[in-house]
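Listed here are the chains, written in short residue letters.
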Amino acid sequence: MEYYDKDEEIERLTESLKNSKKSDFEFYDTIEPIYSTGKGLNRKTVEEISDIKKEPGWMRESRLKALDIFLSKPMPTWGPDLSGINFDNLTYYTRPGENKAKSWDDVDPKIKDTFTKLGIPAMEQKYLAGSVAQYDSEGVYGSLRKEWESKGVIFTDLDTAVQKYPDLVKEYYCKAIPPSDNKFAALNGAVWSGGSFLYVPKNVHIDLPLQTYFRMNGEQSGQFEHTIVIADEGASVHYIEGCTAPRYNTSSLHTAIVEIYARKNSNVKYTSVQNWSDSVYNLPVKRAWVDEGAHMDWVTGELGSKVTMIYPSSYLRGKGASTSNLQITLATKGTFKDAGGKAIHLAPDTTSRIVSKSISLDDGLTAYRGLVRMNEGASRAKSHVQCDALLINNDSKNYTYPFDEIYEPTAEFSHEATVGKIGTDELTYMRSRGLSEDEASSMIVLGFMDDIMKEIPMEFAVEMNRLVKLEMSKMGAVG
Amino acid sequence: MTNTVLEIKNLKVSVEGKEILKGVDLTIKSGEIHALMGPNGAGKSTLGQTLVGHPNYKITGGKILINGRDLTNAYPEERAKAGLFLAFQSPIAIPGVKISTFLRTAYNDLYPNEKMSLRDFFNMVKTAMNDLEMNESFISRAINDGFSGGERKRFEVLQMIVLKPKIAILDEIDSGLDVDALKLVSAEIKKLHDQNIGFLVITHYQRILKDIIPEFVHVLKDGKIVMNGNKEVSDKIEEEGYEWIKE
Ligand SMILES: Nc1ncnc2c1ncn2[C@@H]1O[C@H](COP(=O)(O)OP(=O)(O)OP(=O)(O)O)[C@@H](O)[C@H]1O
Ligand SMILES: [Mg+2]
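Protein chains in written order, with the working numbering: chain A, 678 to 1156; chain B, 425 to 671.
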């Protein structure tokens, strides 16, 4: 049985989702927020957010500085069209309730209902060492198994961490991604709210993943969580993020920051699968500092949103640091996914591997935009980049913009790229055995992503499976 | 045992604007073995691809019927459901698509009412794999991906055994198989023949026809069937080639 157990399980779970309402992530809630800063962004908005959170002075100042940077930087024009974002019409902070619960029983029943529909409490029981749930701007639930708490692991929303562990937060906050980095990093720096703070002490190995789930409910709103993950020397941890939102006719904005610090000889895996509805602009900034002998794994699935720009980066700062970056992007009708991995080799014997698989359906557009930089002195550094694109229809498009900056003569670098279509011969072969066109084409698409599917947690594999099947069945004929 | 009839009536087929089949008539019934021979490029594989409904093979005239039901323009999966199966001459590789998932989906599509348990299904597959001396680990590999020529042929036969068609077209199933594998495959064909399956065996060689003796031998030349006979025809082709057969 061992050969097909996982596939069968995925298949079974996908089937069971078909018959339950759970498969519809785009449902609306009727929860009235207890507080909101209203539409628009100015100095007062930022001060208001800081006041509500009763933040220390350094954080308030950091926010205001970031706001100035945000206002002074132009919109980036080198990628997807962002003109649909109307900064004046967005609501930057929405508080769903007062409560930050440690037990699901204490979460506002309506909010709890939402997360139950999304399957979060069930998943927590089965697979997770800890779980944080965020609703609009605030963390509403957080838990960590006793075992890990007693070993000194910290897992909570960042707002709580700012209050409870100010020195630790201050040591890392915006070090890897300063607000000056780019316009959206600055925006997050000004209005951030929520996100997770995860600290794993030296030599602690957490065997089950920790997860944060982000739900954005408000219309024309923004979600700006800021997440910091620190694996101290010799520690290991797998951190997972999932996110969804209802569908609206007007645009919402998601601009997160994820900073990861993989200290000496540590091992960090970050998995995220976003399935935002296609009224969301998804423009997060994700970056890891990887120290000597440490390893950083990125596994990201970009399935939803109207526009996504995401380039998870690893700064390989110490000798022998390594990173792997696996990415799946799916561009459905009318959407643009601009994505890619970055590896910056700053030390000797550093290695990186970037694998990107992108799928365009209908007139969907995928772009691979990656960077490998090998600085002088990164002796014997090695990097391999592979990007494969699959175009389902004649209107589907893919662009590839690899940037390679190799300044070290002893470094090794290779790059492979393929662009393919679903072939008539493959389809006919499968259909001649009895499969419908939908089934055959979904299987080919899932097969195309197989390298990455193997690396992702079961729940995400199921979601991926479900989504591909749904999209293929919506589509009509391939070609 | 139910009986099935595949009727091919005056079938004309073009590929990329060029007429390849120029009016082919052939009737195959349950329990019959037909051999189809003919020189390279005669259109034998074209006939197979057309019968399973490959969209690049355009039917410009004639009909394909199974038990009187017109399947001339049916989708490939409808033909499969009607009991038709083609072992391809050059089976294509489909990276990432696991044989286990593929076979199970195909089986469930063909036999939606059977609801065979996972365990029973894979036991059935494994038994067939053992008969074909295929390593069980193939089940977790991707379709034909990295398979040798002979392994591809065995996998075609495996699919035939598992999916239990009523009429099977075997396009050069014998080429690429070593002597031992050919014996195994012939034995499987005989087993299925005993279960009343009808065969169209496309081949260039006598060898396979010694094991499975065809009742009917047809010769296709330049898109037309130029001779209908029995085992004597294939014997003579083995000796003398195709020159003696007039168009
Ligand atoms: N997809 C195609 N595109 C162009 N020409 C094709 C295609 N398929 C078949 N043909 C042409 O049709 C003719 C018949 O080919 P077919 O493969 O049916 O021959 P065959 O009888 O099976 O030959 P062989 O014994 O070599 O397998 C050949 O001239 C071939 O080149
Ligand atoms: Mg042929």
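Keep in mind the hints are simulated off the structure, nothing from the lab. Do not take every clue at face value.
As the list claims (entries may be wrong) - Simulated DEER-style distance windows between Cβ atoms:
hint : chain 1 : residue 1 : chain 2 : residue 2 : range
1    : A       : K879      : B       : P519      : 37 to 45 Å
2    : A       : D1128     : B       : N547      : 28 to 36 Å
3    : B       : L489      : A       : A799      : 27 to 35 Å
4    : A       : D1128     : B       : E560      : 17 to 25 Å
5    : B       : N559      : A       : G1054     : 30 to 38 Å
6    : B       : S541      : A       : P855      : 39 to 47 Å
Claimed, not checked - When the alpha-carbon atoms are kept at most 16 Å apart in a straight line, the in silico EDC-like pairs for lysine to aspartate or glutamate are as follows:
hint : chain 1 : residue 1 : chain 2 : residue 2
7    : B       : K588      : B       : D618
8    : B       : K482      : A       : D1102
9    : B       : K634      : B       : D604
10   : B       : K539      : A       : E692
11   : A       : K946      : A       : D1102
12   : B       : K614      : B       : D635
All values derive from a computational prediction rather than experimental measurement. The C-beta atom is built at its ideal place from N, Cα and C for all residues, glycine as well.
Verification of the supplied hints:
1. K879/A <-> P519/B: 37 to 45 Å: Between K879/A and P519/B, where Cβ atoms are some 43 Å apart, the hint holds.
2. D1128/A <-> N547/B: 28 to 36 Å: holds, 30 Å
3. L489/B <-> A799/A: 27 to 35 Å: Cβ of L489/B to Cβ of A799/A: about 53 Å, so the range 27 to 35 Å is violated.
4. D1128/A <-> E560/B: 17 to 25 Å: holds, 23 Å
5. N559/B <-> G1054/A: 30 to 38 Å: violated, 49 Å
6. S541/B <-> P855/A: 39 to 47 Å: Violated - the Cβ-Cβ distance for S541/B and P855/A, about 58 Å, lies outside 39 to 47 Å.
7. K588/B <-> D618/B: This hinted pair holds, its Cα atoms lying about 13 Å apart.
8. K482/B <-> D1102/A: holds, 15 Å
9. K634/B <-> D604/B: holds, 14 Å
10. K539/B <-> E692/A: holds, 14 Å
11. K946/A <-> D1102/A: The given pair, whose Cα atoms are some 39 Å apart, is violated under the 16 Å limit.
12. K614/B <-> D635/B: Holds. K614/B to D635/B sits at ~8 Å (cutoff 16 Å).
Checked against the numbered hints above, the structure violates hints 3, 5, 6, 11; every other hint is satisfied.
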